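Taken in order, these protein sequences are the chains called B and V. Per this note's numbering: the first sequence = residues 20 to 435. Per this note's numbering: the second sequence = residues 34 to 281.
Don't read these hints as lab results, they were simulated from the structure. All values reported here derive from a predicted model rather than from experimental measurement. All C-beta atoms, glycine included, are put in the ideal place defined by N, C-alpha and C. One or more hints might be untrue.
Which residues of chain B face chain V? A partial, calculated answer using Cβ under 8 Å [claimed, not checked]:
# : residue
1 : Lys21
2 : Glu29
3 : Asp82
4 : Asp83
5 : Pro428
6 : Val429
One letter stands for each residue in the lines below.
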Amino acid sequence: MKRFLYELSESWKIAAAQMRSNLTRSTLTALGVIIGIIAVTLMGTAVNGISIGFDKSMAVLGDDVLYVTQWPWKPVDDWWNYRDRKKIKTEYAETLNRMIAVTPNSNLVVAVPTSNLMRSIKYGGNQVDNVFVLGTTSDFIITSTIDCTAGRFFNELESRGGANVVVIGYDVADALFPAQSPIDKSVLINGQLFKVIGVNTRQGTFLGLFSWDSMVAMPLGAFNKYFSAKSESDVRVKVKDKRRLTDAKGELTGLMRRVRGLPPEKKDDFSINEQQAFKSTLDPVKNSIAIAGLFITGLSLFVGAIGIMNITFVSVKERTKEIGTRKALGARRRTILLQFLIESTALCLLGGFIGLVFAYLMCFGIGKAFPSFPIHFSLGLVLVSMIVSIITGLFSGFAPAWTASRLDPVTALRYE
Amino acid sequence: METRNSIRPFGPVVIDIENITKDYVMGEEVVRALRGVTLQIRRNEYIAIMGPSGSGKSTLMNMLGCLDTPSSGRYEFNGKNVAEMDDDELAAVRNREIGFVFQTFNLLPRATSLRNVELPLIYAGIESERREARATQVLADVGLGDRIHHKPNELSGGQRQRVAIARALVNGPSIILADEPTGNLDSKTGEEIMDLFEDLYQRGNTIILVTHERDIAVHARRTVHLRDGLIEMDHAGFIPELDLPVAR
Ligand SMILES: Nc1ncnc2c1ncn2[C@@H]1O[C@H](COP(=O)(O)OP(=O)(O)OP(=O)(O)O)[C@@H](O)[C@H]1O
Ligand SMILES: [Mg+2]
């Protein structure tokens, strides 16, 4: 054991001396690993970022909310079976709420109707197009992560009265009111004036997936008055206990069948969705992106590893006589094996370290240039790339080190 | 002081080889480097192995040093059958029991004298302070106390060979094997190295050296002549009338 430690430290010293004396060669060889590690690390941060972005977007849906919709949130092969379904009406929410109120121990809390469509919104000379306009009730705040930085969400009174008030998303506020507070200002939507009463906190956008940042919410009454024509409607239902989502789903299905008046032999003519369903459709996409990305960048690391392997073979060849001498002085096979493994590993670790520094700087730069791109340089990533470097070193050093350890001492000593 | 040709009361047998052969197969052709060598070497002997080029001297030395395995025959080192040793045991014998001195010195070029001499101690698992103390001591013994931090390219040929001898001695081996240790040195430096060997011999070391040169061989207490892979002559001392014509 003690001998192993001495041999280990000796091997590190040799490796360091070797790198120093072949500086150009070592640098050029390490370059392959440097580039490989940069590529893999950046891809790792990107994949990480995409994943976090996905999850963040998912969180907007809420994990304790069920969505009653015409179309299911998953790809369907028999779309014609869904096309002719009746639309989901906002009135259902009220009916559902009455039913929930009279159900003892209901798993459901409240049903909230939502209607939406895209519209432009103006204030003064500023205009934002394709804003997600949402009509809902004051209960919306129970089902969604709305949190106003300024002002407030509309209350029950405004909701029932269908008042011309809006709560606007962060990006909308930013675009329309670059230099002033939006609260109590009147914005123009579809030629109609609405008073801004609240601004939602920033949530960040990602790959154009849902974000409340480019949203405008108003009472359903007002929405129906001005926009009802081409809008889409859903009903979302808050669940009491998210651990009993399946029960809640069953209960809601029963209620909806009553609302629709379906006889027992008929199939459901609506869909009930939850965040999870959406996730399971998106996760494979996310994972394929991750695997493809890491595989492709992994190839560049592999090329780097081949370079290290090659140079270690050269090193073994050049130092054949030295290997013979070491064996004559009492080096065992595993001593020689260890020595060359450590040489290749040291090269890879050096390359990995330099690569990591570059990758960090690049991440930093990208983060500064595009703040919205979710790039995450974590300690875990540092550890992983160091481990990857070590594995690369061991992998690329093994064949040459094995060859060296198996050299016949006499042949090695005779080598010129 | 004893005369060169006097016989000493020898110690126990260190090397015992019987009918050793070594064949090198090169395609169709078989080179018979050793064709049946039998030899006993005792502790504190000083032997010169002589013979014409290609007679198998180096092959025999490698065999004695446990670097090479015989094609047939028996080899016992300190009473242990070498054929039955595995790689680890062989490495341990080479590390502790045998000290090699090469014609080309074979020092690690980028390491100081001290680090070169320390190497066998590392393989022996000695801790670093004791390693350094021991290596420094042995370097001083061979007259290089003031050169321990020099690298090989900062030393003369004779000094390099002294470092190599210190390295061979550092683990206190049973025998020192030197294959033409003065082959790369001028005659004056060679003579200094031979004085060092004489000194080591006087201190109780066992020395086996291969040489072509009469001036070198005269230092030994026993001379073995090889020819075509066979022992031609094996006698005490150096007898000019016998040894000179053969060596030529
Ligand atoms: N690895 C090998 N492959 C084939 N033949 C070899 C090998 N090693 C040695 N020989 C042959 O074995 C014979 C003995 O070689 P060896 O090196 O022992 O001679 P030597 O007595 O040391 O000669 P020199 O005085 O020139 O050093 C030679 O004929 C040589 O060609
Ligand atoms: Mg020879």
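Against the structure, the hints:
1. With its C-beta approaching chain V no nearer than about 5 Å, Lys21(B) sits inside the 8 Å limit, and its interface hint holds.
2. With its C-beta approaching chain V no nearer than about 5 Å, Glu29(B) sits inside the 8 Å limit, and its interface hint holds.
3. A distance limit of 8 Å between C-beta atoms decides the matter here; for Asp82(B) the minimum to chain V is near 60 Å, and the interface restraint is violated.
4. Here the hint on Asp83(B) is broken, as its CB sits about 64 Å from the closest CB of chain V, past 8 Å.
5. Checking Pro428(B) against chain V: minimum C-beta separation of about 4 Å stays under 8 Å; hint holds.
6. The closest approach between the C-beta of Val429(B) and any C-beta of chain V is roughly 5 Å, which is under the 8 Å cut-off, so the hint is satisfied.
When held up to the earlier numbered hints, the structure conflicts with 3, 4 and fits the remainder.
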